[in-house]
Amino acid sequence: MKKAISFLIIIIVSFETFAQSSNIDSKSITAAKYMDQAAIDAAITSPEEGMLVYNIALKSYMVYDGTTWSVQGGGSSGWGLSGNAGTDATVNFIGTTDAQILRFKVNNETSGDIDPGKDQASFGFRALNFNTSGVGNTALGNETLEDNTTGHRNTASGNGALRNNTTGNNNTASGNQALEENVSGQDNTAFGTYSLNKNTTGESNTASGYQALYSNTSGNSNSATGRAALANNTTGNANTASGRAALFLNTTGDHNTALGYQTLFSNTTGRNNTATGTEALYSNTTGYSNTATGHSALAANTTGDNNTALGYQTLYSNTTGSNNTATGTEALHLNTTGYGNTATGHAALTANTTGYSNTATGKNTLASNTTGDNNTALGGFSLASNTTGDNNTAVGVSALAFNNTGYENTAVGKNSLFLNTTGYKNTASGYFALQKNETGSSNTASGSNALRDNTSGVTNTAMGASALFSNINGDENTAFGSTVLQNNTTGDFNTAIGGGALYFNSNGRFNTASGKSALRNNTTGEYNIGIGYLSGGTHSTGDNNTFLGSFSGPPSGTTLVINSTALGYGAVVNASNKVRIGNSSVTSIEGQVAYSYPSDRRLKENIVTNNTLGLNFINKLQPVRYSYIADKTQVRHDGFIAQEVESVMNDLGVGFSGLKKDSDGMYSLAYSDFVMPLVNAVKELKAENDLMKAENDKLKIQVAKISEIDELRTELASLRALLMDETGSNTK
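Taken in order, the sequence shown gives residues -19 to -1, 1 to 713; the numbers are from mature numbering (1 follows the signal peptide of the UniProt record, and there is no 0).
The set of hints was computed from the structure by calculation and includes no laboratory data. Among the clues, some could well be false.
[Stated by the list, open to error] Straight-line distance between alpha carbons at most 35 Å, and here's what the computed DSBU-like set of lysine-lysine pairs gives: (1) Lys497 / Lys585; (2) Lys601 / Lys664; (3) Lys601 / Lys497; (4) Lys642 / Lys559; (5) Lys642 / Lys585.
[Unchecked claim] Per label pair, the in silico range of CB-to-CB distance: (6) Thr250 / Thr317: 17 to 23 Å; (7) Lys601 / Leu672: 19 to 25 Å; (8) Tyr508 / Ala675: 57 to 63 Å; (9) Ile562 / Glu665: 39 to 45 Å; (10) Thr250 / Asn454: 55 to 61 Å; (11) Lys601 / Ile562: 25 to 31 Å; (12) Gly98 / Thr233: 55 to 61 Å; (13) Tyr576 / Glu692: 55 to 61 Å; (14) Gln603 / Asn488: 50 to 56 Å; (15) Val87 / Thr301: 55 to 61 Å.
Each residue gets a CB set at the ideal place from its N, CA and C atoms; glycine is no exception.
Construct the entire structure; sequences and hints are all you get.
Here is the structure:
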């Protein structure tokens, strides 16, 4: 720096160096000549004040002033007003040969100092004019650092730069009136006309550009780059502005960052804001903790807080809405007061105005939403048409794409709930799940194409690929498994669990099927229950049937039975209103307690005593042992032949409820019904036994009387014998 100042001085100075107190005429005075200063010092060891010599090397007279030898005017060795020629830079120079201050003045005012003792330099009218103990300062320009007294290590370049600084340290000002008003502020850097012009005590500020940080007084740690950046800041701290008029109106706002033309232009007291891009956060005044990146991002925001906008015109219209996040061109574009929204993707939530707590990710997600709340959309065009619907969740391309007022819907998978408009509380998970639903509500579909064709059906549950695929307006159906209830259209209240269960059901109602292909062929039958693999068989239209067990149901080819029950693996019920337990391989049926019938008198009417079936009926029955033709194991069974029982009935002309004959002419016997004729037979036998017992009792009485007579006869014989003995003794 010293070399630079010396160079400037050499260029500017063009006057001759004549003695100020006297004019010595070299023509009238003769002085001793010496080759150079060294020769003078060697020859004159004890010079007297006023002694005059001639220095050949300098081509000048020299006078001893009592302390040092000084060059005097005269000759041709001075610097001419119009310049000099033939100078030697190794010998000729302007300045001093000792460590004294080199000073320049204009109008007797200090206009330049080179002070090696204080390691500082100044050049310019009144530059560093009042400096007392300040060190390490550099001032270039009129009145630069003029009032500095004790300030250290300041650098000022430009008219009036750091003019009023007195005690401030480590400041750098370059430009007309840069940091002009600074008094004690420290560590500031200002580049550009009027930059940091009003700063007085502010510290660690950096301003680059015309009027950058112009009004700052005591604000600290601010950085402004660009014309009028942070121009009105007074006491705001730790702000960063880069771009013309960035943070232009900021006064006391702290910790703001603005990058781009007129970013955060209107901010006054807002804090912790970050704006990047032309006019980003342009209208923000007191809003805080906002982040905007992109042209006009959050441009209309005034007092909204904690918003994040990334992309062209994201959150463009937001005014007071808070806690919003927008990423992508025009995301949340029209939002004004809505809060807690997150939009990622081109035009995501672009029409939202006051809706809150919405999340949209993907192109045009929730694009039409205006006042809908608590919606979540992930995937291009998901919830694209939603306007006021609340609490919807859509994940997948075009999920819930046409929903507008439907609420509390959840759609996961491409085109899931695609056509839903006003339906509510639906849940769809899987490709095209509930795709055609429009007004249906409270449906749950999980799996590819589950409940795909449903339009207005409500409260259906489908879990599995193509479950309830064709359902249109059937209600309260439950399907678990692939292709379960696939062809159901209008049937209600059906429950099917297992792949292909109730597969062909169309409008059958209140059916329950559990197991792969259970009740598979049912179409219109109602109130049927099928549990087990292929339970129900070929049954299709009958009602009120129960088939429990794999392959249980009517015989192959039978489509209609009503109110029948088949229990057990392979149990086949061949008629309506019939119960079949077990298949032909079953050898016993048992339970912990006896089977009982309803027999309460209060349940019965037309009660008459039946004595027609009794011992005679029983005696005519012929027990047999047999095997079933279908039983490959040929297990032997004991019982009767139904036709033989019928023959006995016909012979006696009586009816018997234990003989059954179905619509196909097949006979069966209810062996428990044989108890009644057996009871009558026992009663008949008891009556006969009681009669015989009475007759036997009479005989017993007669026998007893005969026994008494025999005893009397024996006793009489004994008496006679005794009398005869006594009579004989007396005779003697």
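Hint check:
{"no.": "1", "hint": "Lys497 / Lys585", "result": "violated (43 Å)"}
{"no.": "2", "hint": "Lys601 / Lys664", "result": "holds (17 Å)"}
{"no.": "3", "hint": "Lys601 / Lys497", "result": "violated (50 Å)"}
{"no.": "4", "hint": "Lys642 / Lys559", "result": "holds (11 Å)"}
{"no.": "5", "hint": "Lys642 / Lys585", "result": "holds (24 Å)"}
{"no.": "6", "hint": "Thr250 / Thr317: 17 to 23 Å", "result": "holds (21 Å)"}
{"no.": "7", "hint": "Lys601 / Leu672: 19 to 25 Å", "result": "holds (23 Å)"}
{"no.": "8", "hint": "Tyr508 / Ala675: 57 to 63 Å", "result": "holds (60 Å)"}
{"no.": "9", "hint": "Ile562 / Glu665: 39 to 45 Å", "result": "violated (33 Å)"}
{"no.": "10", "hint": "Thr250 / Asn454: 55 to 61 Å", "result": "holds (59 Å)"}
{"no.": "11", "hint": "Lys601 / Ile562: 25 to 31 Å", "result": "holds (29 Å)"}
{"no.": "12", "hint": "Gly98 / Thr233: 55 to 61 Å", "result": "violated (43 Å)"}
{"no.": "13", "hint": "Tyr576 / Glu692: 55 to 61 Å", "result": "holds (59 Å)"}
{"no.": "14", "hint": "Gln603 / Asn488: 50 to 56 Å", "result": "holds (52 Å)"}
{"no.": "15", "hint": "Val87 / Thr301: 55 to 61 Å", "result": "holds (60 Å)"}
Hints 1, 3, 9, 12, counting from the list given before, are not met by this structure.
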